[in-house]
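For the protein sequence lines, the chains are C and Z, in the order given.
In case it helps, the numbering used here puts the first sequence at residues 146 to 1019.
In case it helps, the numbering used here puts the second sequence at residues 146 to 1019.
Hints are computed from structural coordinates only; laboratory data are not their basis.
Any given hint could turn out to be false.
The list makes no distinction among identical chains, and a pair is therefore deemed to hold if it is satisfied within one copy or across any two copies.
Below, a list of computed lysine-lysine pairs in the DSS-like style, where the Cα atoms sit at most 30 Å apart [unchecked claim]: (1) K623 - K793; (2) K961 - K898; (3) K328 - K666; (4) K934 - K882; (5) K737 - K927.
Number of protein chains: 2
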Amino acid sequence: MKYVKSFEEGNKDERNLLGGKGANLAEMTNIGLPVPRGFTVTTEACNKYYENGEGLGEEIENEIFTKVKELEEKTGKTFGSTTNPLLVSVRSGARVSMPGMMDTVLNLGLNDEVAKGFAEVTGNERFVMDSYRRFIQMFSDVVKGYPKASFERKFDEIKESKGVKFDTELNAEDLKEVIAIYKEEYKRLSGEEFPQDPKEQLIEAVKAVFRSWNNERAIYYRKINEIPGTWGTAVNVQEMVFGNKNNNSGTGVAFTRNPATGEKKLFGEYLMNAQGEDVVAGIRTPQTIDTLKEVNEEVYNQFVNVCNILENHYKDMQDMEFTIEDGHLFMLQTRNGKRTTAAALKIAVDLVREGMITKEEALLRVEPKSLDQLLHPTFEEESLKNGVVLATGLAASPGAATGKICFNAEDVIKASESGEKDLILVRLETSPEDIEGMNIANGILTVRGGMTSHAAVVARGIGTCCVSGCSEVKINEKEKALTIGERVFHEGDWMSLDGSTGNVYGERIETKEAEISGDFKEFMSWADETRKLQIRTNADTPRDAMQARKLGAEGIGLCRTEHMFFETERIFNFRRMITADTLELREEALSKILPYQRSDFEGLFEAMDGYSVIIRLLDPPLHEFLPHTDNEIKELADSLGMTFENLKARVESIKEFNPMMGHRGCRLDVTYPEIAKMQTRAIIEAAINTKAKGINTEVEIMVPLVGSESEIKFVKDIIDTTAKEVMEEKGTEVDYKVGTMIEIPRAAVIADKLAKHAEFFSFGTNDLTQMTFGFSRDDAGKFLNDYYKNGLFENDPFAKIDQEGVGELMRLAAEKGRSTRPDISLGICGEHGGETSSIEFCNSLGLNYVSCSPYRVPLARLSAAQAAIKAKKN
Amino acid sequence: MKYVKSFEEGNKDERNLLGGKGANLAEMTNIGLPVPRGFTVTTEACNKYYENGEGLGEEIENEIFTKVKELEEKTGKTFGSTTNPLLVSVRSGARVSMPGMMDTVLNLGLNDEVAKGFAEVTGNERFVMDSYRRFIQMFSDVVKGYPKASFERKFDEIKESKGVKFDTELNAEDLKEVIAIYKEEYKRLSGEEFPQDPKEQLIEAVKAVFRSWNNERAIYYRKINEIPGTWGTAVNVQEMVFGNKNNNSGTGVAFTRNPATGEKKLFGEYLMNAQGEDVVAGIRTPQTIDTLKEVNEEVYNQFVNVCNILENHYKDMQDMEFTIEDGHLFMLQTRNGKRTTAAALKIAVDLVREGMITKEEALLRVEPKSLDQLLHPTFEEESLKNGVVLATGLAASPGAATGKICFNAEDVIKASESGEKDLILVRLETSPEDIEGMNIANGILTVRGGMTSHAAVVARGIGTCCVSGCSEVKINEKEKALTIGERVFHEGDWMSLDGSTGNVYGERIETKEAEISGDFKEFMSWADETRKLQIRTNADTPRDAMQARKLGAEGIGLCRTEHMFFETERIFNFRRMITADTLELREEALSKILPYQRSDFEGLFEAMDGYSVIIRLLDPPLHEFLPHTDNEIKELADSLGMTFENLKARVESIKEFNPMMGHRGCRLDVTYPEIAKMQTRAIIEAAINTKAKGINTEVEIMVPLVGSESEIKFVKDIIDTTAKEVMEEKGTEVDYKVGTMIEIPRAAVIADKLAKHAEFFSFGTNDLTQMTFGFSRDDAGKFLNDYYKNGLFENDPFAKIDQEGVGELMRLAAEKGRSTRPDISLGICGEHGGETSSIEFCNSLGLNYVSCSPYRVPLARLSAAQAAIKAKKN
């Protein structure tokens, strides 16, 4: 037997061959639970079916009939018998649960003759006819693909004509009428009589399930869930048990624990005198599971016992289907139940406490990405009920926010200063000048820009809710008004945003804050004990640093000093610096910025007392700091005391064809060593000042965009000279390290040479990905869709590290770096540092730390723990 | 002895230690030629001098005095003796000749006493005083740095007061007056008496020469000639022989062969009764060397003999200095003589014929880069004499051109159609639309843009003379006029350009064509026998291909199909294609372009009969083909039948932030497979048509910008499917290969996977350099100057392959490519394919071919031969 297996022959580990449902039916059979007998047509048969050009072929058909024979022997029932007929259910079951394509046929084996005989034998004509009408309907739907609605409508017509509300109120005669009408409808649609041969019914049903693997909704479901099409589905053929036999029969679904909260209490519902889908279809209202105790205590107790056995056996919360046939319990399915993140945490922690699983097993049970749900404000449920979704944009940065609308960052600042706490910033798109306002607002809504637009990136960085690219919003900036459909909003009107769904609401919806406590906290402490990677954060302000530390960060892996330049006073002096004609004027302007930088750094060092803080020298091209419209240039020229023409010429002269590959990073320091000098001075002075206060932070200075040994030497020399100068002035010493980003392919190739000078490497995988693939993130969005559509790329390389290409360069750099400096500290500070598969990859390279935005820190802690566990297993 | 060596102790191979001059003086001494005795203070002493903070230190001084002692013993003369004084010359001599810093002091050892006594002993007071006045002047200049001019003026005053014209007309008394005045001037300038101690004189002179190693002109010279500052200079101290002793004495310089033409005939000049620099200083007019025979046949014959010995010994044309002292010949210097390229070729070929050197040695004698001089038109010398340089821009593309000024490409085309042959295109800067006009013009002059601007790159590609970035030219496009300084030129006025110097002339200067024939041809045939690398060309048109084949190209390594799109009819349809809304419209527009492409390809295949032709699919981003000003957009919209707004929106929508990293190369084929289909069809149809004519070209189709295996698979599939389709339609088969560019770092990293599908790799080192360094060529110009200035980069990585970074990726790709497909064909088509050090690197990687622009082909042939010879040696 190659393609068909009895339940007795399988077990839970054969999920790939038998599908999830089949494997678990086999497992339950083998541990002695009451499972109706049956067999599984394997996923290999499914693949064979497609190889055969959508045909089962003789071999598989023969195997199926051999198993039917066996089933007949075991049950004493016979296919097509009018006295003791074998009836079966036929259900799909893929390797992983695919709720989008649950194709099921019940009561297969019935035909006119069998129904007649079976009714006589059982003395329960109503039950048999109910089963037959269900079978015809399901067969028409699942096997033939005829619209379900047309059969349902007929059924409703009959109920109406009989003056009844529920299906159970129809008697045998009524149901015979239904059957006659169904068969007529079937003939009308197919041009043939309803098939009477049970074997033909069975083969058609199996083929229909296989066919359903490639229906549109299944393909779509697989695509969004990254399930390969090559897996195929299995088919489970199982002796029928009848929940619709009488009022002592029924069917239900249940979870061993509450899937929403994780509470250890049976959770589910059932319906007496009903079959399969009646429970979910909502024809009658099902009862909660605990009421079963009153209906039939014995069955209830037996079910509770089965639940315990299953949890103990699978060591996880189970999601089960069952049927009661005339007072006898039968299990039709069990699987690990889907759950909310909160439930997942509670269940994992409880199972450890109950001694069922180890901490490591618990850590593997929670999807790191899902933790994010627990870290952001959410809407109060009651309040949300009043919300109406007016528009939906991109879910750019999670969380819920409510506030009064402002149309620019300045207005946000003003409103905030006048005491307004809840503000929403709405912009066509944001720009670096908006940072301060974005920091204050509860949420940000933009009309243009994708998941990686300025607004989205900054918002995720600061943990503020953001909906981006919501093109349904039309903004009139002059009037300070916006329109969504027919509705017009003005400045000060309330609006709410859900950054986890992209929903935009036109009213105030109350929100509540999240916190890491209780089970969550305990769970995270296990992750911390387990992981090898240190988790740092990317933080540019003391506020971010504090937030990140609350979320578990152990140091700062990346402080982008340029983000400190955007506040009013600073940007003015920074622009003076950029537009200065002489070294003296530049140094003079820089000296004005120095105190701000120093005090920022002091704040960071204080927030990260006891940990490392990596400060990156100025990175972006200078034109990012200059205005670009004539009006803005005019205004700036006035305040700088320059002519418009001169400033305009300066702005034009520093524009670049490919700014991503332009004058930025350490290249700026080569042209303007005075910038690196000022920044070093600010860092060292801050370190001296905080050290004097008893603060104990490791200071690390990072040089960006290094591609050659001469660059790191040149900048390190400036740093060392300046640091020495400052320490001599102050008459005191502080330790500091100098390291480099690895974000240029060439840096990876010559990492051994860089490591001669750099005490640490930080992989800047955002830029490294851009340069390695040779496409800019800003532009790639336009054509990468064609890549996904045509199956050229499976993942967004800006989301998950491209291990084959970018990762290979990382591996090379790590290896080469260690060859010259065995104790070199290696980390990552690109956005990949907050993504699970990338963190696992970093763990495999033996990096020392990953650094991510504050709100990704818990995800990173858990991912790192999972990576360590998996690495140990291999 | 560590720092000083006698001539007897050295030889010609110790050039690094002794400097060129010292090594050759030692060599001549040891082969028995008449060389005044002496010693060399080594380059290591020079480095020590700088280590000592510009001091010789005791050790070196002691060694010098020991050698002086030895010299006294050998000569029987004594430093400071009034009866038989030792006088010496002190000359610099670095590892390579540095004519910018020739510091020499003659007659050192003279002082008032010595002069007096020496005059008495020799009975030739005039000669001694002439020597002393020369010494004071040289010492003041070289050692003290006092302005030469002030001494020269005094000398001229004396001559005037005595009523004589030449120095030789001054008698002893006159010269004593000169000496007195000189010593006075020295005292005035230094505040001290002229130093009388010969040892002090010597030490000061040695230090002065060492100091001169780091004077401004030496630093500048080293920089432009890529000579490391760490080399240092040596100092040669040598017994004086006196060309100014009497009229039977003299001094001269000569070459063993003519350095301009290579003719085997002594070439040089001499002056009787003169010392050192008199010959070059032009005080008296020197005689040509052959007249020496009449003056002193014995010395002449001896000199001819020495020349023969030296040529036979060094096996190369020699450049020599000599002095005749009272009828005795002394050799003061010999070295391999500098020569023009024409001379270098003739000399190398002659030396082989004379049996002096092997062909391989001959091939190493010619600088490949210099061949370029022989390949472009040059100005007729007579005509050039009338030329006045009005301005100088960048020497962007070599050759000489003369013609009537046109201010845009259309006017060039019109003028050409009306029969005008000589045209010069003058533009602010050129753009792809100008290609046709650029092709027709004799020369191109642009106001903006550097060595790698559009004009420069295209001009080099098509071998047209170009002067770029000539900012002295002010253009008034409306008036069709340009101004240089005061002069105004109008359309149709004559102008001439020298693309090898950047000179712009305001008149017609006749030019003459170059050709490969005679010695040049024979020499190149030796290169072809020797090299391992095949030399292909980058050619986009049959004209270029033909030109390249004349210059020795063996196939086309890169045909950029996009260059074919710019002619009027084509660009119109191409723009229709880009702006089309639907696949149908795009295909329709492409079908209009197909016949042009096919006929271009047919032309290429015919031109390269017997060789390979690699055709690259469309590469640049589409916005390069669209106009950008509103006026042009309006015009195009009208002709396309679109609204201005729609077209403008389309133009905006395909603009990119970083076009270098944007939607181009194979990424276009993923979005618009119909483009690859059209191009494949054109290629295969052309191949079928030319094959039918008996043409036998290997067709290779190249996919640009591949970074992932899925991309090459995707595009190869389109190519194969389309090719099969075309062959079936035509009922005939042609062979073709499919390969990929390696120009994205990721492609190098996954080359093993690409090689599964690609039958050949072509390294696109222009883009690979950009991506590997992470800077765009268009922007890097601005900051790379700071890199050179600060010594961070030694070479322009866009000119010479960066072997450490980019080269490492190439090595990796070659290795990985061969691991999957051992017989994979590997080549290079970036501009580096025409640069000597890069070609040597390609040879070391074992590439199959290099491809370069047509006019670089001879350079590449010779470079490849040299690389093969060097590889064999190692």
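For each hint, the structure was consulted:
1. K623 - K793: Both: 26 Å inside a copy, 25 Å across copies.
2. K961 - K898: Both ways: K961 and K898 sit 8 Å apart in one copy and 23 Å across, limit 30 Å.
3. K328 - K666: For K328 and K666, the Cα distance exceeds 30 Å both inside one copy (61 Å) and across copies (93 Å).
4. K934 - K882: Classified as between; 28 Å across copies, 46 Å inside a copy.
5. K737 - K927: Only across copies: K737 and K927 sit 27 Å apart there, 42 Å inside one copy, limit 30 Å.
Of the numbered hints listed earlier, the single one contradicted by the structure is hint 3.
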